[in-house]
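Each chain, written out:
Number of protein chains: 10
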Amino acid sequence: MEFLVRIEIARPADADGATVQALIAREAAHAATLIAAGHLLRLWRVVGRWANISIWSARDGTHLHELLTALPLYDWMRITIEPLAVHPSDPGASDAT
Amino acid sequence: MEFLVRIEIARPADADGATVQALIAREAAHAATLIAAGHLLRLWRVVGRWANISIWSARDGTHLHELLTALPLYDWMRITIEPLAVHPSDPGASDAT
Amino acid sequence: MEFLVRIEIARPADADGATVQALIAREAAHAATLIAAGHLLRLWRVVGRWANISIWSARDGTHLHELLTALPLYDWMRITIEPLAVHPSDPGASDAT
Amino acid sequence: MEFLVRIEIARPADADGATVQALIAREAAHAATLIAAGHLLRLWRVVGRWANISIWSARDGTHLHELLTALPLYDWMRITIEPLAVHPSDPGASDAT
Amino acid sequence: MEFLVRIEIARPADADGATVQALIAREAAHAATLIAAGHLLRLWRVVGRWANISIWSARDGTHLHELLTALPLYDWMRITIEPLAVHPSDPGASDAT
Amino acid sequence: MEFLVRIEIARPADADGATVQALIAREAAHAATLIAAGHLLRLWRVVGRWANISIWSARDGTHLHELLTALPLYDWMRITIEPLAVHPSDPGASDAT
Amino acid sequence: MEFLVRIEIARPADADGATVQALIAREAAHAATLIAAGHLLRLWRVVGRWANISIWSARDGTHLHELLTALPLYDWMRITIEPLAVHPSDPGASDAT
Amino acid sequence: MEFLVRIEIARPADADGATVQALIAREAAHAATLIAAGHLLRLWRVVGRWANISIWSARDGTHLHELLTALPLYDWMRITIEPLAVHPSDPGASDAT
Amino acid sequence: MEFLVRIEIARPADADGATVQALIAREAAHAATLIAAGHLLRLWRVVGRWANISIWSARDGTHLHELLTALPLYDWMRITIEPLAVHPSDPGASDAT
Amino acid sequence: MEFLVRIEIARPADADGATVQALIAREAAHAATLIAAGHLLRLWRVVGRWANISIWSARDGTHLHELLTALPLYDWMRITIEPLAVHPSDPGASDAT
Numbered sequence: 001m002e003f004l005v006r007i008e009i010a011r012p013a014d015a016d017g018a019t020v021q022a023l024i025a026r027e028a029a030h031a032a033t034l035i036a037a038g039h040l041l042r043l044w045r046v047v048g049r050w051a052n053i054s055i056w057s058a059r060d061g062t063h064l065h066e067l068l069t070a071l072p073l074y075d076w077m078r079i080t081i082e083p084l085a086v087h088p089s090d091p092g093a094s095d096a097t
Numbered sequence: 101m102e103f104l105v106r107i108e109i110a111r112p113a114d115a116d117g118a119t120v121q122a123l124i125a126r127e128a129a130h131a132a133t134l135i136a137a138g139h140l141l142r143l144w145r146v147v148g149r150w151a152n153i154s155i156w157s158a159r160d161g162t163h164l165h166e167l168l169t170a171l172p173l174y175d176w177m178r179i180t181i182e183p184l185a186v187h188p189s190d191p192g193a194s195d196a197t
Numbered sequence: 201m202e203f204l205v206r207i208e209i210a211r212p213a214d215a216d217g218a219t220v221q222a223l224i225a226r227e228a229a230h231a232a233t234l235i236a237a238g239h240l241l242r243l244w245r246v247v248g249r250w251a252n253i254s255i256w257s258a259r260d261g262t263h264l265h266e267l268l269t270a271l272p273l274y275d276w277m278r279i280t281i282e283p284l285a286v287h288p289s290d291p292g293a294s295d296a297t
Numbered sequence: 301m302e303f304l305v306r307i308e309i310a311r312p313a314d315a316d317g318a319t320v321q322a323l324i325a326r327e328a329a330h331a332a333t334l335i336a337a338g339h340l341l342r343l344w345r346v347v348g349r350w351a352n353i354s355i356w357s358a359r360d361g362t363h364l365h366e367l368l369t370a371l372p373l374y375d376w377m378r379i380t381i382e383p384l385a386v387h388p389s390d391p392g393a394s395d396a397t
Numbered sequence: 401m402e403f404l405v406r407i408e409i410a411r412p413a414d415a416d417g418a419t420v421q422a423l424i425a426r427e428a429a430h431a432a433t434l435i436a437a438g439h440l441l442r443l444w445r446v447v448g449r450w451a452n453i454s455i456w457s458a459r460d461g462t463h464l465h466e467l468l469t470a471l472p473l474y475d476w477m478r479i480t481i482e483p484l485a486v487h488p489s490d491p492g493a494s495d496a497t
Numbered sequence: 501m502e503f504l505v506r507i508e509i510a511r512p513a514d515a516d517g518a519t520v521q522a523l524i525a526r527e528a529a530h531a532a533t534l535i536a537a538g539h540l541l542r543l544w545r546v547v548g549r550w551a552n553i554s555i556w557s558a559r560d561g562t563h564l565h566e567l568l569t570a571l572p573l574y575d576w577m578r579i580t581i582e583p584l585a586v587h588p589s590d591p592g593a594s595d596a597t
Numbered sequence: 601m602e603f604l605v606r607i608e609i610a611r612p613a614d615a616d617g618a619t620v621q622a623l624i625a626r627e628a629a630h631a632a633t634l635i636a637a638g639h640l641l642r643l644w645r646v647v648g649r650w651a652n653i654s655i656w657s658a659r660d661g662t663h664l665h666e667l668l669t670a671l672p673l674y675d676w677m678r679i680t681i682e683p684l685a686v687h688p689s690d691p692g693a694s695d696a697t
Numbered sequence: 701m702e703f704l705v706r707i708e709i710a711r712p713a714d715a716d717g718a719t720v721q722a723l724i725a726r727e728a729a730h731a732a733t734l735i736a737a738g739h740l741l742r743l744w745r746v747v748g749r750w751a752n753i754s755i756w757s758a759r760d761g762t763h764l765h766e767l768l769t770a771l772p773l774y775d776w777m778r779i780t781i782e783p784l785a786v787h788p789s790d791p792g793a794s795d796a797t
Numbered sequence: 801m802e803f804l805v806r807i808e809i810a811r812p813a814d815a816d817g818a819t820v821q822a823l824i825a826r827e828a829a830h831a832a833t834l835i836a837a838g839h840l841l842r843l844w845r846v847v848g849r850w851a852n853i854s855i856w857s858a859r860d861g862t863h864l865h866e867l868l869t870a871l872p873l874y875d876w877m878r879i880t881i882e883p884l885a886v887h888p889s890d891p892g893a894s895d896a897t
Numbered sequence: 901m902e903f904l905v906r907i908e909i910a911r912p913a914d915a916d917g918a919t920v921q922a923l924i925a926r927e928a929a930h931a932a933t934l935i936a937a938g939h940l941l942r943l944w945r946v947v948g949r950w951a952n953i954s955i956w957s958a959r960d961g962t963h964l965h966e967l968l969t970a971l972p973l974y975d976w977m978r979i980t981i982e983p984l985a986v987h988p989s990d991p992g993a994s995d996a997t
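Order-wise, the sequence lines are chains A, B, C, D, E, F, G, H, I and J. Numbering follows my numbering, in which position 42 of the first sequence is assigned residue number 42; successive positions increment by one, without gaps. For any residue, its number in my numbering is found by taking its place in the second sequence, counting from 1, and adding 100. For any residue, its number in my numbering is found by taking its place in the third sequence, counting from 1, and adding 200. For any residue, its number in my numbering is found by taking its place in the fourth sequence, counting from 1, and adding 300. For any residue, its number in my numbering is found by taking its place in the fifth sequence, counting from 1, and adding 400. For any residue, its number in my numbering is found by taking its place in the sixth sequence, counting from 1, and adding 500. For any residue, its number in my numbering is found by taking its place in the seventh sequence, counting from 1, and adding 600. For any residue, its number in my numbering is found by taking its place in the eighth sequence, counting from 1, and adding 700. For any residue, its number in my numbering is found by taking its place in the ninth sequence, counting from 1, and adding 800. For any residue, its number in my numbering is found by taking its place in the tenth sequence, counting from 1, and adding 900.
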């Protein structure tokens, strides 16, 4: 099952630059793992913001919740998700879950 | 350049069933053409509504406008779009445009 | 997987009373089938409106879309859904799907 | 009488990890008591957030207010509630109050 | 249990003046009955609109739904309600239900 | 003239428990004075929040502003008001102002 | 007491030009009467819309409701109002009411 | 003085194709006049909608209102405007008014 | 040209009482100057809030921006403005600018 | 491709005046570079706020994201953008990109 996920990230006022850089690096490494596992299918930046839009594949809402709460930057994120239903004309349905 | 497109479709009160079916058939055929041309990359139904969410590839906003206004069901659609920026971790960037 | 579903129903201006009553009767019968199949778990009226809130169990978003679009009153409905994730303290998780 | 309850939880910036863990533990124990008493009927996580959706049974709004303000994490919660009316087709009406 | 009720009324385009006047007269008579029964406690007009704000006393949400759907102008109304909890400093708690 | 008043209260992060309790006590005493003077007619808690809904009687908007800004907890309150017009069917019009 | 009033006007689809012109003429004449009586203090057009913003003086909300519902174009109007409180620095308080 | 103007256009259900085409032609001719007069400085389509965003130069709000209400398609338009203030770094301030 | 201006004022958490009183005094003196210059035409308090609604006369948006940013309390204000167009029936058009 | 960009700027509570002035000076110098490169086409202040509205020319959303995140004040900005499509009647299409 696929989901549209929208994530806004806010840096806490007291986070120093080194902490931020380290978390961003861990986030990128974590994303690679999610991609390899077939859970993170597409990922875009939202123009002009520290935010992204992405397409995920997960077994269900509970599985997606587990994947999202395991993100290194999760504590700084505000996440909204939207479940997607298969469209018969979709050219790129993913099978990985 | 890729775009997230959200389309709600409303059937006019005076549209008869045959007209609706014909338009839906034309819409599906048109979608196949857009997919073949590399413009329509993904397409999902919104659960419980006559609506869809899709990922498009177009040269720019003007090009996307031309593609959307040429849809057979365009007159019944309410469309909102959101431009997407490339994310370095994106596993599936499209090159077709 | 469970979903929270909110449905507002609007009677078309030109629907006569007999049509409305027949559809409501079909809707009730259809609900009984969905309950027997384990898909419709709970159902409440929204106070003061022709609207309801319900809990559904479906395999995924695509399955829920099929269930909702098959409702006899679907054409008069405006539906919004929200996927639910399992909470470890939930006393009444459903297994039927 | 049943209610749909939506709770968003925000951890204060100055709360240390031990305090948070202790409160979460107390919250889970408290939930078990509410379930045993027939007040908390269902409980789900909202995908991707520290938030939940739940179904409660209480004598009236005043009773529900007492139950909610007694939650261990109440001071960190932002709560919205919606009263529910019985639907004749509901398969699972609760009698516990 | 008391509720705050907000009602906007819209006259259908095809309702003639006599029908409107008859319904308004029935609505006023119906209001008198609800007042006598202790269900409608206060009633105000919203300045500049065909709308009102009112305080109701009902056993629960289901009872309030029955009372509201029995209003003569119900089909033209858009109703939103909000449950109220007893405040210890309230000077005028009603006992009628 | 009557007004519907909605008040959300937020405790500042640095307010200690004794200050809060003292203010709440003053607020209750102040409410008794307002009730005796015929200005505060009804008062309810909003279920699940530190918030209330109330009905006030004041000479006009300026008078109501004076009454509200004199509340002991005013600095922590976010207040919205709505003027009410007399409805001919209202069972409980107040005369006190 | 003064009020800020915002009025959006929508012409019904079936209103012919002569009816519209006659109503607008009656509205202007009516406005002159309200101005002479000291009730309509200022009146502006909203740029680009058939809408206006105005300042009224009335005894209270009930009085303002009577004044607004007597407007010739009232049936086509959507009105929202906001009560105003006297500011000690206001250069132009009106006394007429 | 410059303004940002946003216009959504809705074709009435009963407008035939010839009327629409004639109005669109008149609108284009009218736009040319406004451009020549230095009032319409920029004009873009909103992607996927019959809507546009534009920059206008007018003496003040009253002048802009006259210019907008004179548009051939004005009766089908829903217009919102926003006044703009000069920014010292603006590379392209217009002088025409 | 006239404008409707709405200002919400928020006191920073670390502002001491003396600073606040001094700023309020400067604000009142400044208002007197703006009134004498014909720029601030009317000024009301918003009932129940530290906020006001006012009518201004300025040459254009740039001029109004200069006037507003020069207010002593500007740094604590959240301001929204709306340009007003002359209405032929307005009884009180100002000429001062 | 052109974009409409809206930027609200918020000064952090702990930023001292010298830091703010230095950043504003860098921002102005940076704007001059963007103008010379043909990326920043128009720039206005939003009346009464530390905010601006601007027109940008960039190759696509990714390019615009790079331009915006390089702004000296980016960390204090909240940015929303809207892609613009060419309108055949536009008098001032830019070619620079």
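Hints listed in this document are in silico derivations from the structure and should not be mistaken for laboratory results. For glycine and all other residues, C-beta sits at the position ideal for the given N, C-alpha and C. A few of these clues could be false.
To be verified - The calculated label-pair distances, taken between Cβ atoms and stated as ranges, are:
no.: 1; chain 1: C; residue 1: ARG278; chain 2: E; residue 2: THR433; range: 32 to 42 Å
no.: 2; chain 1: F; residue 1: ALA529; chain 2: E; residue 2: THR433; range: 33 to 43 Å
no.: 3; chain 1: A; residue 1: THR80; chain 2: C; residue 2: ALA222; range: 20 to 30 Å
no.: 4; chain 1: H; residue 1: TRP750; chain 2: E; residue 2: ALA425; range: 18 to 28 Å
Said to hold, decoys possible - Reference listing, derived: stretches of chain J covered by chain B, where coverage requires no fewer than 3 residues with Cβ under 8 Å from a Cβ of chain B:
no.: 5; stretch: 906 to 914
no.: 6; stretch: 923 to 932
A quick look at each hint next to the structure:
1. C:ARG278 x E:THR433: 32 to 42 Å: holds (33 Å)
2. F:ALA529 x E:THR433: 33 to 43 Å: Distance hint for ALA529 (chain F), THR433 (chain E) holds at roughly 40 Å.
3. A:THR80 x C:ALA222: 20 to 30 Å: violated (40 Å)
4. H:TRP750 x E:ALA425: 18 to 28 Å: violated (45 Å)
5. 906 to 914: Coverage by chain B is violated for the stretch 906 to 914 of chain J (0 residues, Cβ < 8 Å).
6. 923 to 932: With 0 residues close enough to chain B, the hint is violated.
Consistency note: the structure conflicts with the earlier hints numbered 3, 4, 5, 6.
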